[in-house]
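Chains as they are written, first to last, in this note's numbering: chain G, 1 to 118; chain F, 119 to 537; chain Y, 538 to 736.
No lab work stands behind these hints, which were simulated from the structure alone.
Residues on chain G that point at chain Y, a partial pick, calculated with CB under 7 Å: (1) TYR61; (2) VAL68; (3) LEU69; (4) PRO79; (5) ALA91; (6) TYR108.
Small disclaimer: the values here were computed from a predicted structure and weren't measured.
Using N, Cα and C, we set each Cβ at its ideal position, and we do this for glycine too.
Each chain is listed here by its residues.
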Amino acid sequence: MGENWAFVAIFSIIALSIPLLGILAARLLAPRRPGAIKQSTYECGLETIGDAWIQFKVQYYLYALIFVLFDVETVFLYPWAVAYNALPLLALFEMIVFLLILGIGLVYAWRKGALEWI
Amino acid sequence: MLHALPLAETSLSGWLSGLISGHALLPGEAPLAWAVVIASILKATVIILIVQIGMLYATWGERKVIGRMQDRLGPNRVGLFGLAQPFADMIKMLTKEDITPTAAHKWVYNLGAILVVPPAVIGFAVVALDRHLIAADLSVGALFFFAIGSTSVMPIFMAGWGSRNKYALLGAMRAVAQVVSYEIPQVLSIVGVLLLAGTLSMNGLVISQGPLGDAFPGVWYVFLQPIGFIIFLLATTAEIERTPFDIPEAESEIIAGYHTEYAGIKFGLFYLALYFVTISASAVGAILFLGGWQPPFGFMAGLPGWVSMTAKTLVLVFVFMWLRGTLPRLRVDQLMAFAWKVLVPISLVNLMVTGFLVKLVAGWPPLGVFGAFAVANVAMVLLLLWLVAGWRRRSGARQMSFDRPRDIAAGAAVRGGAA
Amino acid sequence: MIEKVAFGLVTAVALGGALGVVAARNVFVSALWLVLSFIGVAGLYALLGADFLAATQVLIYVGAISVLILFAIMLTSNVMSDERANNRQAFLAFIVASSVVAALGVLGYRTDWPVTWGDGATIVRVEAAAAGGAVGASAPVTATDGAAGQPAGNTDGVNRDENVVQLGTALLGEHLLSFEVISLVLLVALIGAIVIARD
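Turn these sequences into a full structure, and let the hints steer you where they fit.
Put into structure tokens, the structure is as follows:
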């Protein structure tokens, strides 16, 4: 097990080195002639008006929240599924109760329009 | 070279530790630990090189396939059949000027482009190309893969925010909302497979689909979990933002989405990451549903595992290209509704039904198991059609967020599947 | 040795990320540093041999909670500017935070942790692998009891760490009540958020 994680760590480092090497190579090969117009923000040729860092609508936050809840749910589903063969039939109904309670949440969000993209 | 690897791989650590301790390069009990490090570096380099070449030719393959589908030739000028095209593209990317907009938050902007690659590559660490050609057979391999995939939203966010461009930020927000929405059906769709296999280890998942499988031997999970497989495929297409789910970079709406401001090699990195995840997602799909490195038929037992695995992966890569060549892009509200109102409920029902069936068919002969799953899946499809029909009747046909031509196509696909 | 180096590295990542959170001028950048800290914590779990927890930490914290935090930042007005994120309460916050750190430190120092260094499992495992190739790869898969189809043990060269199975068994057996309560807590959080967001 330990050597597996050691491998993952080293793999990550090498994976990180791919883009770094690419950018380094581009530094050496690519021309660099900066200019004010060239480096302006690209909005299809129009002058930019206002800042891009604006306030976003709450809809995104609601999506993220529903996502977190269901993500946590799946984390509980995985050990259940893996251990399922060793568990009695009761485990199925225990999980169905768990899913139904969260299903109420999904139905509630649906009915309240939290799943609508405005 | 590939074939020699399995032999070398199993004893690489041992051989290296002998070598290091023999030459007394390092003192004490260190040799073994250092052997692990050196062996890991070697393995990682080899795997990344293989994957990198695969990625380069996936770009070529995609352009060829889409070209043929659109009655064009695709790249054919650079080298034989255009085979040198990926290298020409690489040189072009490297020699193009790399622009950083003045408005951008320099650090976040550059880091976004750099960090977009690792999540796409690290997933390969747990992909089993062959029984012994797996880098890290983590006991939680499948979960690890999805966990790494889920981190890909961070560089997207960094790219969009760091660019300080309205379209880039909007694209990033859309992309993140989409990726997280489709992550739920994606991870839920494979719970059915986990119920059957009882393990998260990639090798374990493959073995359980082979003749030595514990519970249901010799059957690929795509035959027991067809609905799960379709959900996995759709959710993965959205997760890796390929057409028809590429709304974050819909050029008709928001220029190029979160990578609007990137040029030269930094744009190339986004392109690179897209093809890396296409391959890795196909490989994991092949492991979970198509039996991984197990040969497709019993008489092919002599076939090396990596041949089967590569063939299956390429089939799935082709399916992704096919989808891109065939389907038009969805609208953003359709897209979100599809994840939460269609895919998530179906996958929840599918996993409950699968849980029930696994307990029911324990000890049945293989044909009975297969029949039970087939009946259940057909029943679920019919139920779904009935629900959709009722829904459409109540809300009026045009009110549904699905347009008519798509409905006809979907109906035809379902009829074809049921027949 | 390697373990100590690895421990040092992941701890540095976790603490460095945390330091970045408080030092960054922009709150969005702070959130990004927090993600780095989460990754460091995942590394700590991996070092402790808690595979499932490490993967979960990445899936939930790096992939989900951080998205939630960033979306929350995006929907607040005025906070995206480059103003310094400090205010008059900074000193008070410093006192509270350092007393928490001190309390945790004392607690951690006094607890008798069942930890051994040096003779870690890694080295033993590698020795076994070096001695016998893939452990038991050629051994036949043992037959399973007909009813349940239990995992066949570690006879087929597959990493069948029983961590996840134990976790699943414990969740649906011993800790069933807390398990079902979790779903209620999640439901309440969802309904609460929708109610607040719609007002």
